[in-house]
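These protein sequences, in sequence, are chains A and B.
The first sequence: position 56 = 57 (our numbering), numbered continuously.
The second sequence: position 387 = 416 (our numbering), numbered continuously.
Quick caveat, the hints were computed from the structure, so don't treat them as lab data.
Check before you lean on any hint, since a few could be wrong.
Stretch-level coverage of chain A by chain B, calculated; a stretch enters the list once three of its residues show a Cβ under 8 Å from a Cβ in chain B [claimed, not checked]: (1) 47-58; (2) 71-80; (3) 282-290.
Think of the CB as a built atom: it goes at the ideal place given N, C-alpha and C, for glycine as much as any other residue.
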Amino acid sequence: MIPEELLEHWEPVIGLEVHVQLATESKAFSPSAVKFGAPPNSLTDPVVLGMPGTLPAFNRRALELALRLGVATESKIRARARFARKHYFYPDQPKGYQISQYDEPLCEDGHLDLILAGEVRRVRLTRIHLEEDAGKNTHIGAFSHVDLNRAGVALVEVVSAPEMRSADEAAEFMRALHRLVRWLEISEADMEKGQLRCDANVSVRRRGEDRLGTRTELKNINSFRFVQNAIEHEIVRQVRLLDDGERIIQETRLWDSERGTSESMRSKETAEDYRYFPDPDLPPVVVDAVLMGGVLRSLPELPNQRFDRYLKLGLAADDARTLISERALAEYFDAAVKAHPGDQSGRMIANWLLTELLGALNADGKTIEETPMPAERLSEVLRLVEDGTISGKIGKEIFEESYRTGDAPSAIVERRGVQQISDEAALWEIVDQVVAANSRQAEAYASGKDGLFGFFVGQVMKATSGRANPVITSDLLHKRLGR
Amino acid sequence: MSGPTEWLSATETAQKIASGELTAARIVDNYLARITNVDRELGAYLAVDGDQARKAAAEIDRKRTAKEPLGPLGGVPVALKDVLVTKGLATTAGSKILEGWIPPYDAAVVERLRTAGAIVLGKVNCDEFAMGSSTERSAYKKTKNPWDTSRVPGGSSGGSSAAVAAGLCAASLGTDTGGSIRQPAAFCGCVGLKPTYGRVSRWGVVAFASSLDQVGPLTRTVRDAALVLEVIAGMDPRDSTSLDAPVPKYTDALTGDVKGLRVGIPHEYFEGTIDDEIRAAIDRTKAALVERGAVMVDISLPNTAHALPAYYIVAPAEASSNLARYDGIRFGKAASGAKNLLDLYLRSRGAGFGPEVKRRIMLGTYALRSGYYDAYYKKAQQIRTLIKRDFDQAFQHVDLVLTPTTPTAAFRFGSKSTPLDMYLADVFTLACNLAGLPGISVPCGLTVDGLPVGVQLMGRPLDEATLLRTGDVIEKAVGLGSRRPGGRS
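When you get a sec, could you build the whole thing from the sequences and use the hints?
If you want it as C-alpha cells, here you go:
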C-alpha cells in the first residue's frame with residue numbers, strides 16, 4: 002500500500018498495454034503449431050525463420066477470436082483493417098520487422114468494466130489490434146540463445162486509455178480482462194506461460210492538473226500481483242523524485258519481482274523509429290456481415306450481461322459476482338437452475354454451489370471444470386431436500402456421498418433409508434415415547450426450563466436417526482409438552 | 030533428329046521429346062556441353078546443376094518409355110534467375126550476403142515447372158537483389174550480351190535473357206519489379222512477359238519490392254512464353270496477393286488475328302529522348318499491325334512523368350523492409366570478429382550488401398522515417414492510383430497500349446556512370462508495375478549495329494492473352510526470324 006500522504010499532492014495516471022495470446026492451433030501467418038513447452042525451435046517453418054522468399058498467409062481463426070473480443074468490449078470494428086510492418090533489429094524477430102497493426106487497427110474505442118469496491122468503473126480501450134509474437138532470447142553466460150517457438154504466434158494487443166488512478170485499479174483491469182478472454186474462449190491467458198502479458202505506462206501529475214506527466218513504461222510484469230507491486234513501486238518512485246525536485250525521464254523500466262524493484266532498460270529519448278508502413282504482402286483484413294454474423298453467433302452471454310440476469314433472478318450481488326468470475330462456474334449454475342425448476346431465484350443453488358461444491362473441490366485441489374458432481378446431481382440433492390424427502394442436514398451427507406461415489410442422490414437416500422419422516426401419526430408415537438422416557442425433563446420444561454426444548458428435539462432425532470421432519474417434530478413437541 | 034537441339038523453342042523441344050524424336054537426356058547433354066563451351070565467355074550462369082538435370086532427364090525418358098504423361102514442359106531445360114528459391118540448390122540473389130545458403134524449399138513457380146516436367150539446368154545471374162538494369166550489380170560476375178559482348182544483357186534478369194538468347198537453355202524465368210524481365214528481353218532479342226500483379230505466386234521469390242515484384246518467362250518465342258505462363262500462373266494460398274482467377278489456355282489465344290484490335294499509342298512515351306532506330310523499328314511494328322487490320326489510337330497517359338519518382342520511393346521503401354532479414358544469423362554469411370550484436374549486424378550487412386543495395390536501403394529507410402511517411406511513401410502510393418486510373422481510362426478505348434520497351438538498344442558496360450542514368454533506362458517499363466498491369470516485350474528488329482529492339486505491349490489486368498496474341502503477330506511480321514546473336518549456332 003502507498004502511504005496516503007504521499008499522494009496528497011500527486012495523482013497517478015496508468016495505462017496498460019496487454020498482449021493476449023490467441024488460442025489458435027497454428028501460428029498467425031504460417032502453418033507451424035502453437036504449443037507451450039515444446040523443445041526449442043521445434044515449432045518453426047521457413048516463414049517463422051524469415052527465410053528469403055517466404056510470405057505470410059493470415060490465419061483467419063485469429064481474426065474471428067479477435068473480433069469476439071472487439072464485440073465483447075463494444076469496440077468500433079474497422080471494415081477494412083490493415084497489417085503494418087514494425088521494424089527493429091533483434092534476433093527474436095527474424096524478418097527484422099514484426100507484423101502488427103498501426104493506423105488502421107481492427108478495433109477502437111471499446112471499454113472494459115471493472116468492479117472496484119462494489120462500484121462499476123468503466124475503463125476505455127483505445128484500441129485492440131492483431132499482431133504476431135516475437136521469439137524468446139535467453140542469455141546464459143557468454144551465449145545468447147534464441148527460441149523461435151513463440152515467434153509468429155497470434156496475439157491481440159489491448160491498449161487502455163491512460164485513465165486508471167491506482168495500482169488496484171490496474172490489477173483489477175488485468176483480472177477483468179483475464180476473465181473476459183477466458184470467458185470468450187479466445188485465450189488460455191495463463192500468465193505463467195506468457196499467454197497474458199502486461200506493460201504499464203505510469204506517470205503522476207499534480208492534483209488538478211490536466212496535462213499528463215512524463216511517463217515510464219514498465220515491462221516484465223507477468224502476474225496480477227506483480228502488476229500491483231510494480232505499479233505501486235513506480236508511483237512511489239516517481240513521487241519521491243518529483244518531491245525532491247527532480248524530473249522523470251521517459252524510459253522503459255524492467256520490473257525485478259525478486260528484488261521488488263525496477264531498473265532502467267533504455268531511454269525513450271533515443272527511441273527507435275519503427276518505420277511503420279502497410280505490409281504489402283497482406284491484403285486488407287475485410288470484416289463483412291457474413292463474418293460478423295458468425296462471430297456474433299459464436300459469442301456466449303457476456304459476464305456483465307449474466308451478472309445483470311442473476312441480479313434479476315434474485316441472487317445477492319456478491320454471489321452473482323462470484324458466479325461470473327469464471328465461465329465454467331456460471332455455466333454450472335445455469336445448468337443446475339435448469340435442472341431444478343423449484344428454485345427459480347437460484348439462491349439455494351448458489352448457496353450449495355458456492356459453499357458445498359466449491360468447498361469440496363477446494364479440498365481436493367480441483368477446479369469447477371474437473372468436478373465429479375454434475376450440475377444435475379447437485380440439483381437432485383436440492384430437490385430431495387425441498388420436497389421434504391430428506392432434511393437439509395441429511396442433504397449435506399447425501400451430497401458428500403454422491404460427490405465421493407458418483408452415485409445418484411436418490412439411490413443413496415434409498416440405500417441408506419434416510420427418507421425424512423413427515424407422517425404425523427408415526428411422529429406422535431415417537432414423541433410420546435420420548436416424553437414418557439424423560440418425564441423428569443418434561444416436568445422441568447413445563448416449569449419453565451425453556452432450554453430443554455432442544456433436548457427433546459435431539460431425542461426425537463436420535464430415535465429416528467435424524468430422519469424426523471424438524472418442523473413437524475417441533476410442532477408436535479410443543480403440543481405434547483404443553484408449551 | 031541430328032544437328033543442334035539448343036535452338037529449338039521450348040514448344041518444339043517438348044513436342045519432339047513427347048513424340049520420341051529426341052530424348053531428354055540428349056537435349057540436356059547438348060545444353061550442358063554448350064554451357065561449358067560458351068558460358069565461360071558469356072557469364073550467364075551462377076550455378077549449373079548437371080547431375081540433377083541429367084537425373085531429371087532420365088526420369089522423363091523413363092516416363093516416355095513407360096507411356097506415362099510427361100507434362101506440358103516435359104524435358105524442357107530451363108534456367109532460373111537466382112532470386113528464385115530452389116530446394117537444395119544454392120540461391121544467392123546475386124548477393125554476397127546469401128553466399129552459401131542452400132534453401133530447404135522450392136519457390137512456387139519452381140514447383141510448378143518441375144511438376145510440368147521442366148528440367149532445371151541451373152541458376153542464372155542478376156543484379157544484386159534484382160536492383161539494376163544491366164546485371165552489372167551482381168556481386169558475382171559480369172554477364173555479357175550475346176549480340177555484342179561489349180554490351181550489357183540488360184537487367185536485372187540479364188542472366189536469363191543472355192542464356193535464352195545464346196541458346197544456353199530453352200526458356201528461363203525472371204522477375205520484373207520495374208522492367209527487369211522486359212528490358213533485358215529487349216536488349217537480348219527475347220520475348221519477356223511480366224504477368225498481371227498476382228497472376229503468378231511470389232512464394233519463394235526473394236523479395237525486392239513486394240507490391241511490384243512478379244515472376245514471368247523469358248523465351249525465344251511468344252508461343253513459348255504462353256506455354257510457360259500457362260504452367261506458372263494461378264492462385265497460391267501461400268501468397269495472399271495472388272489472384273483467384275481461372276488460368277486460360279494462353280497458347281490457344283495465338284490466333285494470328287489482330288483485325289479490329291485497337292492499339293493505344295500514348296504520346297507521352299514518344300516525347301522524350303528515344304533513339305531514331307528504336308523509333309523506326311516501332312513505326313515498322315505499328316505499320317505491320319495496321320496492315321493486318323489493327324487500328325492505332327492516339328491516347329494520353331498524363332501521369333507518365335510521375336512514374337519514375339513514385340517508383341523510386343515505393344521500391345526502395347519496400348526493399349529496405351524486405352532486406353531487414355539479412356543479418357547473417359539464420360542463413361547466408363555472417364561477418365567474423367563481431368564484438369556484440371550491433372557490431373555483427375553492421376559488419377555482416379556492411380560486407381554482404383553491395384553499393385546499389387545499400388543506396389536503396391538508405392533511400393527507403395529515409396522515405397519511411399516517422400513523420401515522412403505521408404510525404405513520401407503515401408504520396409507515391411497516391412501517384413500509383415493516378416497512373417492506374419490513366420490506364421483504366423485508356424482501356425475504355427483501346428485493347429492494349431504499345432510503346433518502345435527501352436529508349437535505346439543495349440548499352441556498353443560502364444556507360445551508365447551515375448545511378449540516375451541507370452534508373453532512366455527503365456523509364457518506359459515502370460508504370461506497368463506501378464499499375465499492376467501485364468506487359469510484354471517482343472523483338473521487332475535489329476539496329477544497323479545488329480542490336481535487338483523490343484516493342485512493349487501493356488494490357489488490361491489479367492488480359493495476358495491479348496498481349497500474347499498481338500506479340501505473336503508482331504513476332505511473325507517484324508521479329509528476328511532465324512537471326513541469332515553473333516552468328517553463333
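Tested hints:
As drawn, the segment 47-58 of chain A meets chain B at 10 residues by the rule of a beta-carbon pair under 8 Å; at three or more, the given contact holds. Coverage of a stretch by a chain is defined here by at least three residues with a beta carbon nearer than 8 Å to that chain's beta carbons; for the segment 71-80 of chain A and chain B the count is 0, and the condition is violated. With 3 residues having a Cβ less than 8 Å from any Cβ of chain B, the segment 282-290 of chain A passes the three-residue criterion, so the hint holds.
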